[in-house]
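Here is what each chain is made of, one letter per residue.
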Amino acid sequence: MEEDEFLGEKTFQHYCAEFIKHSQQIGDGWEWRTSKDCSDGYMCKIHFQIKNGTVVSYPGTSTHVQTCLPMEEALELPLDDSEVTEATAATEVIKYEYHVLYSCSYQVPVLYFRASFLDGRPFSLKDIWEGVHECYKTRLQQGPWDTITQQEHPILGQPFFVLHPCKTNEFMTPVLKNSRKINRNVNYITSWLSIVGPVVGLNLPLSYARAASQNE
Amino acid sequence: MWCGPGLTSNFLRVGARGISGAPVDILLKAVGDTPIMKTKKWAVERTRTIQGLIDFIKKFLKLVASEQLFIYVNQSFAPSPDQEVGTLYECFGSDGKLVLHYCKSQAWG
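Protein chains in written order, with this note's numbering: chain A, 1 to 216; chain B, 1 to 109.
FYI, nobody ran anything at the bench for these hints, they're computed from the structure.
As the structure is a prediction and not an experimental result, all values here were calculated from the model.
The beta carbon of each residue, even a glycine, is placed where N, CA and C say it ideally should be.
Be aware that a few hints might be false.
Below 27 Å or equal to it, Euclidean Cα-Cα: the simulated BS3-like pairs (lysine-lysine) are [to be verified]:
#	chain 1	residue 1	chain 2	residue 2
1	A	K177	A	K126
2	A	K181	B	K41
3	A	K177	B	K38
4	B	K40	A	K10
5	A	K167	B	K29
6	B	K40	B	K62
7	B	K62	A	K126
8	B	K97	A	K177
9	A	K181	B	K29
10	B	K59	A	K167
11	B	K62	B	K38
12	B	K38	A	K126
13	A	K177	B	K40
14	A	K177	A	K10
15	B	K41	A	K51
16	A	K167	B	K62
17	A	K181	B	K38
18	B	K58	A	K177
Label pairs and their calculated CB-CB ranges [claimed, not checked]:
#	chain 1	residue 1	chain 2	residue 2	range
19	B	D95	A	E170	46 to 56 Å
20	A	G8	B	A43	36 to 46 Å
21	B	E67	A	K181	21 to 31 Å
22	B	D95	A	T149	37 to 47 Å
23	B	E67	A	Y106	14 to 24 Å
Sequences and hints are given; from them, build the entire structure.
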């Protein structure tokens with residue numbers, strides 16, 4: 001049994017900072033937010049998506065709006081209302097919010113997320129399941145309540161869905177151990193998010209993979 | 001549907017959505033306790049997705065549904081399931097091949 005790779009909170013914050021640095025370079029929309037007393041913080045991203053999978057921006061709603069287009073297009077997207085006219089039927093555009101927090105009890109990062117329609121109606125768990133990529137559906141359907149739960153956000157105090165962290169070490173340890181063998185410094189957050197993100201509709205552009213390996 | 005090792009190089013062409021450029025050479029490496037595939041080198045259509053590769057490896061290794069398989073580039077980053085092998089080869093390939101690590105896990109609960 002391999003020794004688990006635990007993540008300290010300072011290290012968590014360091015990896016988040018590196019991650020956000022790259023996010024800023026490619027306009028991927030992640031930012032760091034601190035709690036009121038600034039003792040802890042989390043990474044946050046908001047993006048908008050049409051239910052059938054096409055992604056558009058919704059200018060004017062928030063300065064935090066970002067799209068999740070392939071990296072080559074992300075920097076060229078015009079934030080122009082006329083570009084999104086066809087896509088703005090209010091009931092069809094969904095706002096996704098992703099938060100990466102640190103769990104002291106599990107000593108791993110945790111993904112909190114929620115989704116809502118533009119008129120404020122929250123997404124149900126069932127709606128979220130429908131957004132889960134096919135290759136994860138079978139497994140998740142076998143025991144959804146073991147994997148995604150609804151909990152109060154530790155800092156905001158609002159209900160969010162949470163991808164349960166109890167198995168995080170199990171899938172992170174082999175990756176980290178393997179990278180150590182060849183002396184490669186791995187950004188834990190980048191690796192972890194690349195694995196868990198797609199399960200809830202969050203896909204990281206490939207450039208994060210190159211950035212992570214360059215931060216020696 | 002899935003043939004024996006004798007037809008390895010033609011495997012992953014079956015079911016591909018047409019030929020778009022030459023297939024790419026992939027080298028699959030196991031991570032951790034994951035079983036090692038007897039055949040590690042594959043010629044894969046550029047349009048094959050990561051999800052398609054995952055399904056293929058799971059069948060090849062006879063993994064059960066409750067076992068999750070992850071594929072990594074750069075030994076650290078898991079591309080999205082719908083990412084195409086051709087794109088990954090262009091970004092991360094070297095010496096004429098793309099090295100992908102794969103790892104089995106009971107991750108989801």
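- [ ] Hints the structure violates: just list their numbers, smallest first.
- [x] 1, 4, 7, 12, 15, 19
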